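Based on these hints, arrange chain B on the given structure of chain A.
Listed in order, the protein sequences are those of chains A and B. Here the first sequence is numbered in this note's numbering, starting from 15 and rising by one per residue. Here the second sequence is numbered in this note's numbering, starting from 15 and rising by one per residue.
Some hints could be false.
No distinction is drawn between identical chains; accordingly, a pair holds when it is met within one copy or between any pair of copies.
[As the list claims (entries may be wrong)] Under the rule of at most 20 angstroms between Cα atoms (straight-line distance), these lysine to aspartate or glutamate pairs were calculated in the EDC-like manner:
#	residue 1	residue 2
1	K168	E86
2	K96	E43
3	K35	E179
4	K16	E252
5	K338	D397
6	K38	E179
7	K243	E198
8	K16	D250
9	K16	D31
10	K30	E252
11	K129	E179
If you are wondering where the hints come from, they were derived from the structure by calculation, not from laboratory data. No experiment lies behind these values; they were computed from the predicted model shown.
There are 2 protein chains.
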Amino acid sequence: MKNFMFYNPTQIVFGKDTIKKLDKLVPQESRVLITYGGGSIKRNGVYDQVIQALGNRKVFEFGSIEPNPHYETCLKCVDFIKENNIDFVLAVGGGSVIDATKFIVAASLYEGEDKWEILLTGGNKITKAMPFGTVLTLPATASEMNNGAVITKKETLEKLAFHSEHCFPKFSILDPQTTFTLPERQIANGIADTFVHVMEQYLTYPVRNQISDRFAESIIITLIEEAPKVFKDPMDYEVRANLMWAATMGLNGWIACGAVQDWATHMIGHELTAFHDIDHGTTLSIVLPGVMRVMKDEKGEKIIQFGERVFGIKEGSKEERIEKTIKATEEFFESICIPTRLSHVGLNENCIEPIVQRMKERNWSLGENGTINYEKVRLILLDRL
Amino acid sequence: MKNFMFYNPTQIVFGKDTIKKLDKLVPQESRVLITYGGGSIKRNGVYDQVIQALGNRKVFEFGSIEPNPHYETCLKCVDFIKENNIDFVLAVGGGSVIDATKFIVAASLYEGEDKWEILLTGGNKITKAMPFGTVLTLPATASEMNNGAVITKKETLEKLAFHSEHCFPKFSILDPQTTFTLPERQIANGIADTFVHVMEQYLTYPVRNQISDRFAESIIITLIEEAPKVFKDPMDYEVRANLMWAATMGLNGWIACGAVQDWATHMIGHELTAFHDIDHGTTLSIVLPGVMRVMKDEKGEKIIQFGERVFGIKEGSKEERIEKTIKATEEFFESICIPTRLSHVGLNENCIEPIVQRMKERNWSLGENGTINYEKVRLILLDRL
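Bound-form chain A, shown alone:
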């Protein structure tokens, strides 16, 4: 078990009809900015519930935050906040809206001239941020209960992440009913995102970290059990509740305690999104099996444990069990109709070299052992054609 620090002060308010609790959670007398995305919250009733709960507070709006939120959009919002003397921000939406909001609350008080510096320094230079809360409507990223965010600079097609202890939401409201109207593609992306978050913190090498290992497996087993049900009966509250909580658990720091982490799948996936605007969850379900296969020597022991405890794979040689487990992972993704190959999203081998070249330029060594260099990235992507 590795030494670790853990700190997560976000208050979670989970369950049916909980949006009305905003009245107690958002400071009275505040000038509140609601940030949101494409406007689905106005069609599914969430916006109305939020407005009603905010009562007499002075409310402003900033919508049209795109998936994989753009730095450029965020900067406009920072200007809006300054012009309107906003003192509390409420993100209503999924991970993109919440990620954008984290950047916005940090950038609004950031003293450096160039706000992109926040991304270039991974958040290290953030010393303060405006207070914000969230109303989650799309379970996937766990951004509602962590202090990280990923922002894309449209100008240069760069997608970078930052973290800061100042960027935890004060609170997050998770009402599973808000997810009833999600399109199937977003549900599948959310499940894949959660699945791969867990794997990034689990599928590395063993360090006798029994609890976090079993917690990670618990989340994956829950995804595998609940995923078919959500497509069969989209209005089943309990299924939605389990999937929503699973997504939060996937990246709220709990399963990272004492664990060794990877994150190569995400780093490679980010490039697919940056270059080709592929859904984030989809990039992960495409890349993960390639990482497992190319890195099977380093990850073998944990792949075998994963196969046994999650898929019940106990027969065969080590090699066979590893390959069976990778196949079972691919098959799970296929069962929720999310792409697992580059060809499924209209890409061919031409997409590979630009990504490999960027990795080479940045001199990145990814993975838990720092052994995934640009040449390994090429092998991983070739596996996914």
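Below, chain B without anything else, positioned relative to chain A:
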């Protein structure tokens, strides 16, 4: 899955040689009071590490906090704090020291004349508390990462609990090395305490709470796997680390998310300690099998799930599987040499009526359904002779 609120701002610093981080965690320039118990910290080197890490801060001491800490002792400490203008308290020890410290930091700023009111109102009237941190040396209660405490009034043999959002430790340092020198009896008590904490939040009735259920099972499986190892090789760091983290997970609120809770075993166990000064963990290993057996109609479905997932019990009728699971639970406790019957701690049926009468006077209805009245308590204790 039940609606729930979750909030836990305690910072955890876990791992080898982490006590030195006190230097960054305790405010500089503060007048620090170290609270501790019987003095084992002075024999095992923990005290010296703490003093060294606190550097030039002005340090005071208040020792001799007893197991199942006394209200009367805590009041003396409150006076000491006022006399010496203490502004930060550092609890160094196990659950008793930390529980006492929670009461002390709350009582020091409590405006009511009668501090026992804090217990009588379950902590509801606490509006502020002094800041405090902990260095944990005995994994068991999870007090290091929650906001609750249990205090015993020696005068009246009453043992009551309180909770307050003002009573979370600012930080807790968990260095598994501090547990190397624990006596076997304390190790066993800690394991039983953790085991039953988990059961109180798990063994009720099913509410399709997949993640918390599996997390709870993960902790119990870890205890069952690691417990034999700790007695066989007390210096195995990884075993100590897993047991220490398991104990914290048992009652830091994580597995309570969305769950139905019981706590009857604790309420009955508290009376055994109040009347007969039995170790807290031991009261739990004695009482739990009785609660399972007497309440098997209400708990049957979860007992069967527990038996299957934790002990692999899949054969037989429902009744048989329930009884096999209760037996397996008793056998686990026996395997770590902790008493499971009243007779093991020198008690006979004479101990039962005073407890039953107190339950009757208080008109308590315990358990997840409020169906454990004084008559059920009698049956539970009769089962444990």
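To see whether the hints hold, each was checked on the structure:
Proximity of K168 to E86 under the C-alpha cut-off of 20 angstroms is restricted to the intra-copy arrangement: shortest distance 7 angstroms within a copy versus 66 angstroms between copies. In this assembly of identical chains, the alpha carbons of K96 and E43 lie at most 20 angstroms apart only when taken from the same copy (18 angstroms versus 38 angstroms across copies). Proximity of K35 and E179 under a CA criterion of 20 angstroms is satisfied inter-copy only: 18 angstroms between copies versus 25 angstroms inside one chain copy. For a Cα distance limit of 20 angstroms, the shortest separation of K16 from E252 across copies, 9 angstroms, qualifies, whereas the shortest one inside one copy, 35 angstroms, does not.
For the identical chains of this complex, K338 and D397 are intra-copy neighbours only, at 16 angstroms inside a copy versus 49 angstroms across copies, given an alpha-carbon limit of 20 angstroms. With identical chains, the CA atoms of K38 and E179 are at most 20 angstroms apart between copies only, with a shortest distance of 16 angstroms across copies and 24 angstroms within one. Proximity of K243 and E198 under a CA criterion of 20 angstroms is satisfied intra-copy only: 12 angstroms inside one chain copy versus 47 angstroms between copies. In this assembly of identical chains, K16 and D250 lie within 20 angstroms of each other by CA distance solely across copies; the values are 14 angstroms between and 39 angstroms within a copy.
In this assembly of identical chains, the alpha carbons of K16 and D31 lie at most 20 angstroms apart only when taken from different copies (12 angstroms versus 40 angstroms within one copy). In this homomeric assembly, K30 and E252 come within 20 angstroms of each other (Cα to Cα) only inside a single copy, at 10 angstroms, whereas the closest approach across copies is 41 angstroms. Taking CA atoms no more than 20 angstroms apart as the test, K129 paired with E179 passes inside one copy only; the shortest distance there is 18 angstroms, against 36 angstroms between copies.
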